[in-house]
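One letter stands for each residue in the lines below.
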Amino acid sequence: QKEVEQNSGPLSVPEGAIASLNCTYSDRGSQSFFWYRQYSGKSPELIMFIYSNGDKEDGRFTAQLNKASQYVSLLIRDSQPSDSATYLCAVKEMNTGFQKLVFGTGTRLLVSP
Amino acid sequence: GAGVSQSPSNKVTEKGKDVELRCDPISGHTALYWYRQSLGQGLEFLIYFQGNSAPDKSGLPSDRFSAERTGGSVSTLTIQRTQQEDSAVYLCASSLIQGDYEQYFGPGTRLTVT
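Protein chains in written order, with the working numbering: chain A, 1 to 113; chain B, 114 to 227.
Heads up, a few of these hints could be off.
To be verified - Have a look at the derived ranges for each label pair, beta carbon to beta carbon:
#1 Glu157/B / Pro81/A: 26 to 36 Å
#2 Asn53/A / Asn165/B: 33 to 43 Å
#3 Gly29/A / Gly164/B: 22 to 32 Å
#4 Asn7/A / Ser151/B: 12 to 22 Å
#5 Gly184/B / Gly41/A: 23 to 33 Å
#6 Asn66/A / Thr183/B: 37 to 47 Å
#7 Pro168/B / Ile18/A: 37 to 47 Å
#8 Pro174/B / Gly16/A: 38 to 48 Å
#9 Pro81/A / Arg194/B: 42 to 52 Å
#10 Glu57/A / Ser151/B: 29 to 39 Å
#11 Glu215/B / Gly9/A: 16 to 26 Å
#12 Arg223/B / Ser82/A: 22 to 32 Å
#13 Glu157/B / Asn53/A: 26 to 36 Å
To be verified - Here are the simulated PhoX-like pairs of lysine-lysine, each with C-alpha atoms no more than 25 Å apart in a straight line:
#14 Lys92/A / Lys42/A
#15 Lys170/B / Lys124/B
#16 Lys92/A / Lys170/B
#17 Lys42/A / Lys124/B
Rather than coming from a laboratory, the hints here were simulated on the basis of the structure.
Think of the CB as a built atom: it goes at the ideal place given N, C-alpha and C, for glycine as much as any other residue.
Using the sequences and the hints, build the whole thing.
So this is what it looks like as structure tokens:
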């Protein structure tokens, strides 16, 4: 079983700060990486995906991928209390004829007003 | 458009009973996935369907678990002789095709086995 590791947190940041969420993965062959946000009691929702090394920006969110280090991160600029949630990192694991998402256990983010 | 729907939203059952959980994917999505999320845990992959076929059943925790999909649309996950350790939120997701396309999750079914 390939693994995806995340610090469970909680990560506490003040409103307006940058939140940095990190994820490492064990499958060197992985090609696709996803960040999902999950509010308490709700289902995960996709917020970012990244396939290539480097940075990908979407509004206040930036995903960063370093395949050599097997490391993917999510930066949230100008954090808002509404960003408080659990952020799940997911990696598409490559199996013959099938690709499945392997999820980390998530990092809980708390943004204080 | 309509998202992934699941029913029931909550299910309380006695140990030893069978339960059926239903998932209705986004229209046109050919790939469908079942996950389980226990309290404070990450998502555990159970099974996926491409069309009506389930090429990989290795994630099913035991032979008490089975799933089917009919007409390339609705899927049911059946748990026979439920045990307390089966208590979890069961999430269904769908994607356009089985490949590099994002998965969209339903609201989940919270199963409690007493």
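So, going through the hints one by one against the coordinates:
1. Glu157/B / Pro81/A: 26 to 36 Å: With a Cβ separation near 30 Å, Glu157/B and Pro81/A satisfy 26 to 36 Å, so the hint holds.
2. Asn53/A / Asn165/B: 33 to 43 Å: holds, 37 Å
3. Gly29/A / Gly164/B: 22 to 32 Å: Distance hint for Gly29/A, Gly164/B holds at roughly 26 Å.
4. Asn7/A / Ser151/B: 12 to 22 Å: holds, 19 Å
5. Gly184/B / Gly41/A: 23 to 33 Å: Check passed, 31 Å falls within 23 to 33 Å.
6. Asn66/A / Thr183/B: 37 to 47 Å: holds, 43 Å
7. Pro168/B / Ile18/A: 37 to 47 Å: holds, 42 Å
8. Pro174/B / Gly16/A: 38 to 48 Å: holds, 44 Å
9. Pro81/A / Arg194/B: 42 to 52 Å: holds, 45 Å
10. Glu57/A / Ser151/B: 29 to 39 Å: Holds, since Glu57/A and Ser151/B (Cβ atoms, about 34 Å apart) stay within the stated range.
11. Glu215/B / Gly9/A: 16 to 26 Å: Given a distance of about 24 Å, which is inside 16 to 26 Å, the answer is holds.
12. Arg223/B / Ser82/A: 22 to 32 Å: Holds, at about 24 Å.
13. Glu157/B / Asn53/A: 26 to 36 Å: holds, 29 Å
14. Lys92/A / Lys42/A: With a Cα-Cα distance of about 22 Å, the restraint between Lys92/A and Lys42/A holds, given a limit of 25 Å.
15. Lys170/B / Lys124/B: holds, 24 Å
16. Lys92/A / Lys170/B: Distance of about 17 Å is within 25 Å: holds.
17. Lys42/A / Lys124/B: holds, 16 Å
The structure fails none of the hints (numbered hints given earlier).
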